[in-house]
Amino acid sequence: MDFAIIASNIDIYLEGLKNTLILVSISLIFGLVMAIPLAVLRTSGNLYVQAPIRAFVYFFRGTPLLVQMFLVYYGFGQFEAMRESVLWPLFREAYFCALFTFALNTCAYTTEIIRGSIVATPHGEIEAARAAGMSTFLMLRRIVLPSAFRRALPAYSNEIIFMLHGSSLASVITIIDITGAARIVNSRYYSPWEAFLTAAVFYMAITFTIVFFVRKLEKLWQRHLMPLEQLDTKIEAPSI
Amino acid sequence: MFSLQGYGPSILEGTYLTLEISFVSLFVAMLLGICGALAKLSGSPVLRAIAKLYTTVIRGIPDLVMMLLVFFGGQVIVNKVGPLFGYNEYIDINPFVAGASTIGFIFGAYMTETFRGAILAVGRGQLEAGYAYGMTGLQVFSRILLPQMVRHAIPGFGNNWLVLIKTTALVSIIGLDDMVRKAAMAAGATRMPFTFYVAVAINYLLITTVSIYLLKYLETRYSVGVRRE
Numbered sequence: 000m001d002f003a004i005i006a007s008n009i010d011i012y013l014e015g016l017k018n019t020l021i022l023v024s025i026s027l028i029f030g031l032v033m034a035i036p037l038a039v040l041r042t043s044g045n046l047y048v049q050a051p052i053r054a055f056v057y058f059f060r061g062t063p064l065l066v067q068m069f070l071v072y073y074g075f076g077q078f079e080a081m082r083e084s085v086l087w088p089l090f091r092e093a094y095f096c097a098l099f100t101f102a103l104n105t106c107a108y109t110t111e112i113i114r115g116s117i118v119a120t121p122h123g124e125i126e127a128a129r130a131a132g133m134s135t136f137l138m139l140r141r142i143v144l145p146s147a148f149r150r151a152l153p154a155y156s157n158e159i160i161f162m163l164h165g166s167s168l169a170s171v172i173t174i175i176d177i178t179g180a181a182r183i184v185n186s187r188y189y190s191p192w193e194a195f196l197t198a199a200v201f202y203m204a205i206t207f208t209i210v211f212f213v214r215k216l217e218k219l220w221q222r223h224l225m226p227l228e229q230l231d232t233k234i235e236a237p238s239i
Numbered sequence: 000m001f002s003l004q005g006y007g008p009s010i011l012e013g014t015y016l017t018l019e020i021s022f023v024s025l026f027v028a029m030l031l032g033i034c035g036a037l038a039k040l041s042g043s044p045v046l047r048a049i050a051k052l053y054t055t056v057i058r059g060i061p062d063l064v065m066m067l068l069v070f071f072g073g074q075v076i077v078n079k080v081g082p083l084f085g086y087n088e089y090i091d092i093n094p095f096v097a098g099a100s101t102i103g104f105i106f107g108a109y110m111t112e113t114f115r116g117a118i119l120a121v122g123r124g125q126l127e128a129g130y131a132y133g134m135t136g137l138q139v140f141s142r143i144l145l146p147q148m149v150r151h152a153i154p155g156f157g158n159n160w161l162v163l164i165k166t167t168a169l170v171s172i173i174g175l176d177d178m179v180r181k182a183a184m185a186a187g188a189t190r191m192p193f194t195f196y197v198a199v200a201i202n203y204l205l206i207t208t209v210s211i212y213l214l215k216y217l218e219t220r221y222s223v224g225v226r227r228e
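So the protein lines, in turn, are chains A and B.
Residues 0 to 239 in numbering that gives the first Met the number 0 are what the first sequence spells out, letter by letter.
Residues 0 to 228 in numbering that gives the first Met the number 0 are what the second sequence spells out, letter by letter.
Honestly, the hints are just simulated from the structure, not real lab data.
Beta carbons are placed, not taken as given, at the ideal position from N, Cα and C, and that holds for glycine.
It cannot be assumed that every hint is accurate.
Pairs of lysine-lysine residues, derived as DSSO-like cross-links and limited to a Cα-Cα distance of at most 27 Å, are as follows [stated by the list, open to error]: (1) B:K51 / A:K218; (2) B:K215 / B:K165; (3) A:K215 / A:K17; (4) B:K51 / B:K165; (5) A:K215 / B:K215.
Pair by pair, the computed Cβ-Cβ distance ranges are [as the list claims (entries may be wrong)]: (6) A:S84 / B:Y89: 47 to 53 Å; (7) B:E218 / A:P226: 30 to 36 Å; (8) B:T189 / A:F2: 24 to 30 Å; (9) B:R190 / A:M203: 28 to 34 Å; (10) B:L205 / A:A93: 39 to 45 Å; (11) B:L137 / A:F95: 55 to 61 Å; (12) B:I201 / A:A93: 20 to 26 Å; (13) B:V209 / A:G123: 22 to 28 Å; (14) B:E218 / A:A50: 24 to 30 Å; (15) B:G187 / A:V210: 56 to 62 Å; (16) B:A120 / A:G115: 31 to 37 Å.
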């Protein structure tokens, strides 16, 4: 192992780290914001509303992220109409294509996760909300969604990590994320172990940071479900 | 737009390779998964620590990075070790071997978790009864544990399989002629990338949909002895 290679190229890795974090966080935010209404419509809407959402989720969950990304980045340019539209300056950029694909992909998975946890809402809670005279929107805001988010958290944390791992595909369409940085270093020095192990360390660090914060959030949100003795800090008399 | 311009057979060849690499990796993953699960549940702290390290590391590293590490890193190691044994020609790592072993290694970790849960779901008393009859460890495993854990393992196993098939798309990056790469080549020649990637996407959807139905069948088949709730 030659650590000098990594030390002299740490700038590329930091640039990659920045791009990975931007890609992941922006697509997660857009994906989540779109997924909430879709999940609600998927559970409560009529068949005509449900069908397109189902098709969307089916497509994005049933095909590889790589193929979806190629479809957007290389595929959209096939159409004359697309190349002449106002959107072309956006879809010509690899960065935007990656963001677009990742956001839709995580949106599909998140829709399914939130749908699952909405469906798991106990009947009694909904009946109580109705009996208290809440409108559907108020019921969603106060009763259904808060408890659904709480139930969705473990599965969603997995989705965050999968998105982080999936974002490494951006390096295939010329974006310099952490993997992209590693590929540059590897091709310059032909030292795959140093290059890719450094990338692996970066990814592991991000993964475990995410896991750490999700655990914190879980403790905060599910405080009322925890066994009592775990919550109290035990006060013991000093032993003599 | 929906004509494949004569590249249909080529895509089909790629589909065949995708399936081939999926099954080979699945086999590796299941072997590693069973070993990992048994290690995680074993009495030896060393084995437990190794299995824990294995699943944690896999969870932390993206598949693509792992694959590039094995493909490029393996190349360097093989060519350093080769001359030590008197083999002086340059050795190219076969991308099929690199791809299948990496995907198998990654999904072995997921399978470890699935199988661990399934093993725990089989009653302790059943295993103890087996030992009480004087069966050896291997007999208890093959006659009592394995047939019963299959039922509990199928849902998790199915999910892993579906993700695994999609992960095989990555082998196109290390130069293996799977259907994604065949589509890329056809797209380059005909300038119709959308058509070919849609065709590949439909292929993946077909494979996953058929898999889902087969897995459902297996699930009911292995739950025949259990009352449905």
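Okay, B:I201 versus A:A93 on CB: inside 20 to 26 Å? For B:I201 and A:A93 the Cβ distance comes to about 25 Å; the hint holds.
Need the status of pair B:K51, B:K165: alpha-carbon distance at most 27 Å? Given pair B:K51, B:K165 holds - Cα atoms ~25 Å apart, limit 27 Å.
Starting from the range 22 to 28 Å, see whether the pair B:V209 and A:G123 falls in it by beta-carbon distance. violated (40 Å)
With a cut-off of 27 Å on the C-alpha distance, tell me whether B:K51 and A:K218 pass. Distance ~23 Å between B:K51 and A:K218 Cα, so the pair holds.
With a cut-off of 27 Å on the C-alpha distance, tell me whether A:K215 and B:K215 pass. violated (37 Å)
Falls inside 24 to 30 Å, the C-beta gap from B:E218 to A:A50? Holds - the Cβ-Cβ distance for B:E218 and A:A50, about 26 Å, lies within 24 to 30 Å.
Beta-carbon spacing of B:T189 to A:F2 - inside the hinted bounds 24 to 30 Å or not: violated (47 Å)
Take a look at whether the Cβ-Cβ distance between B:R190 and A:M203 falls inside 28 to 34 Å. violated (41 Å)
Status of the given 30 to 36 Å range, CB of A:P226 versus CB of B:E218: Because 34 Å falls inside the window, the suggested range holds.
A:G115 and B:A120 - C-beta distance against the hinted 31 to 37 Å: violated (21 Å)
Are A:S84 and B:Y89 spaced within 47 to 53 Å by their CB atoms? About 49 Å separates the Cβ atoms of A:S84 and B:Y89, which means 47 to 53 Å holds.
So the hint says 39 to 45 Å: do the beta-carbon atoms of B:L205 and A:A93 match that? violated (29 Å)
Of the hints listed earlier, those the structure fails to meet are numbers 5, 8, 9, 10, 13, 15, 16, in rising order.
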